[in-house]
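The whole structure should be built from the sequences, with the hints applied where relevant.
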Amino acid sequence: MILPLILFILGFTLLPVLQCIFYSFQDRITEEFPTLANYRLIVGNPKFGDALKNTLIVTAIGLTLEMGGGLLIALLLTVSSKIKGLFRTITMIPMGVPTIVSGVIMLYIFSSNGYFNEFLYRIGVIKLPIDWAQGGIRTLLMVAVADMWKVTPLVVILLLSGLESIPANIYEASAMDGASPYQHFFFITLPLIKPFFTIALILRAIDAFRIFELPMVLAGRNTMFLGTYAYSEYFDYNNIHSSGAASTILLILIAIFVFSYVVTVGAKEGDE
Amino acid sequence: MKTAEKTGVVLAEKKVDQKKMRAKVKRVLLFLSIIAIILLILIPIYLLFKISVSAPQDILTQHPPFLIKNFTWKHWLKILSAGQIWNPLWKSVIVASMVALLGIIIAAPGAYVISRLPKKIKYGVLLAIFSTRMFPEVGIALPISVTFIKWGLLDTNLGLVLAHLIRVLPLMAWVLTGTFDTIPRDLEQSAVVDGCNKIQALVKVVLPLSLAGLAAGAILSWLESWNEFTYAIYLCLADTTLPIKTYYYISRGNWFESAAYAVFLTFPVMIITFVLQNYLKSDYLSGALKY
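For the protein sequence lines, the chains are Y and F, in the order given.
In terms of the working numbering, the first sequence opens at residue 1 and continues consecutively.
In terms of the working numbering, the second sequence opens at residue 1 and continues consecutively.
I should point out that these hints are in silico values taken from the structure, not numbers from a laboratory.
Be careful, since some hints might not be right.
In silico lysine-lysine, DSBU-like type, Cα no more than 30 Å apart, as pairs [unchecked claim]:
1) Y:K84 x F:K20
2) F:K119 x Y:K194
3) Y:K82 x Y:K194
4) Y:K194 x F:K26
5) Y:K194 x F:K120
6) F:K20 x Y:K82
7) F:K26 x Y:K82
8) Y:K84 x F:K26
9) Y:K127 x F:K69
10) Y:K82 x F:K24
11) F:K122 x Y:K194
12) F:K120 x Y:K84
13) Y:K84 x F:K24
Looking from chain Y toward chain F, a few residues come up when the C-beta cut is under 8 Å (computed) [to be verified]:
14) I73
15) L107
16) S243
Here the structure is a predicted model, which is why all the values come from computation and not from measurement.
Ideal Cβ placement from N, Cα and C applies to all residues, glycine included.
Rendered as structure tokens:
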């Protein structure tokens with residue numbers, strides 16, 4: 001009974017991934033295999049270098065903001081169960097909103113005559129509107145913040161279920177032994193929610209590397225990311241081989257991240 | 001003596017007061033920051049709705065107001081009467097429904113088998129299936145699109161359904177395994193003892209008990225397909241889904257139509273998530289941690 005499921009995954013997920021890797025090592029004109037011509041081509045293209053750099057920076061900024069913000073919000077919410085319930089209901093909104101829609105919204109907020117500029121103008125921080133989409137670190141920040149709006153709730157909910165799993169009497173016991181709130185946080189809370197933190201971080205990192213819709217909407221063709229670069233190579237230049245090469249590099253990045261994170265965290269856990 | 005005692009009492013009272021004050025300030029700060037977080041979540045949604053019902057002079061200005069000043073249904077009526085929305089809407093509904101149905105048909109038997117595996121193998125199988133969601137979609141969509149051109153599946157509903165199942169099946173297997181885990185094996189066995197054959201035990205005992213989980217899985221899949229963008233943009237050229245149509249208006253720089261489309265796209269999602277909140281609880285996401 002499990003056969004249809006396995007066959008589908010083999011045929012429509014694993015096979016395409018292998019095909020994609022195959023394309024990336026196949027010569028565009030002579031169809032010779034294997035060759036590194038496609039990788040040489042894209043590495044020589046400054047657009048690819050930018051896309052790689054942008055992807056890494058957005059992932060770093062995004063993960064820091066989302067995990068840090070998510071942890072902070074989760075800790076705030078542990079105070080009252082009523083607020084927690086309310087928050088859970090409200091977070092259904094950004095989580096449910098289609099990514100393309102969150103892109104539309106952020107486009108309005110961060111356009112040069114958008115609401116974020118207007119807000120900054122009214123509180124007197126800026127006089128002239130900032131063009132957030134012009135490129136560089138500003139655009140990367142914009143994309144990271146836009147992504148943060150949609151996905152931080154998921155991080156909060158995962159971390160909250162971690163915090164709820166900590167029995168209250170551990171805190172009572174350590175309070176009796178005179179532990180400070182600071183010690184509570186670093187020696188009890190953090191180690192105990194680590195598995196939840198790991199899951200949230202890995203899920204988020206995978207999606208951050210693959211970021212696609214938001215750059216398509218917000219950053220246009222000026223600021224490329226690996227996903228949008230692979231798309232552009234296929235649709236603008238009709239080159240399946242360079243597109244495949246970009247996707248393969250993206251796959252390798254994700255694999256390296258997940259693998260190294262699991263190995264380092266797993267190794268540390270072995271020590272303890 | 002007496003005065004000294006009194007000052008002591010007053011000092012102690014002051015200390016208590018200070019402590020109370022500090023606790024109060026803390027509580028107010030906490031309350032304010034939670035309000036701020038909730039506002040940050042809600043304001044963007046409000047802005048989207050606002051743009052879709054605002055007259056152009058409110059939006060296309062250097063300093064847009066935050067409140068709705070000139071209300072109008074014009075943009076909504078325009079996209080409804082222009083008729084461009086019906087084909088993509090219909091396509092999105094059909095594809096999402098087919099994805100939900102096929103997803104259940106393919107994933108449910110598989111998930112049942114997985115849930116009856118020994119614990120250690122089960123976790124490995126689930127993880128292997130779920131980890132396929134870590135592959136970059138642009139990397140899967142590329143060969144799929146090349147293959148579908150050969151098969152004549154580009155721009156068809158069937159092609160898109162197959163592509164969406166790539167995303168949906170691992171999720172579905174995950175959720176449904178959790179559902180079947182909650183149904184004790186003993187129930188089936190006692191049904192067999194009472195004279196059911198294995199198929200009857202499945203249909204008459206396991207199926208009715210797993211209906212809630214199956215419904216939740218179907219709804220999650222429906223939403224996943226409804227929101228999906230990457231495969232759709234690779235596989236739809238002329239006959240597009242609603243998200244792609246929305247993207248089309250965005251890339252043309254048309255604020256009002258893209259806002260109205262975006263609201264339309266969000267509506268069913270909101271209704272479904274709020275009506276069926278109990279089924280869609282985030283527990284499914286953290287379910288894996290219980291093993």
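So, going through the hints one by one against the coordinates:
1. Y:K84 x F:K20: holds (24 Å)
2. F:K119 x Y:K194: holds (23 Å)
3. Y:K82 x Y:K194: Measuring from Cα to Cα gives roughly 25 Å; hence the hint holds.
4. Y:K194 x F:K26: holds (27 Å)
5. Y:K194 x F:K120: Between K194 of chain Y and K120 of chain F the Cα gap is close to 22 Å, so the pair holds against 30 Å.
6. F:K20 x Y:K82: Distance ~23 Å between K20 of chain F and K82 of chain Y Cα, so the pair holds.
7. F:K26 x Y:K82: holds (18 Å)
8. Y:K84 x F:K26: holds (18 Å)
9. Y:K127 x F:K69: Distance ~24 Å between K127 of chain Y and K69 of chain F Cα, so the pair holds.
10. Y:K82 x F:K24: holds (18 Å)
11. F:K122 x Y:K194: Given pair K122 of chain F, K194 of chain Y holds - Cα atoms ~23 Å apart, limit 30 Å.
12. F:K120 x Y:K84: violated (34 Å)
13. Y:K84 x F:K24: holds (20 Å)
14. I73: Nearest chain F Cβ about 6 Å off; hint holds.
15. L107: Holds, about 7 Å.
16. S243: At 6 Å from the nearest chain F Cβ, S243 of chain Y passes the 8 Å test, so the hint holds.
Checked against the numbered hints given earlier, this structure breaks only hint 12.
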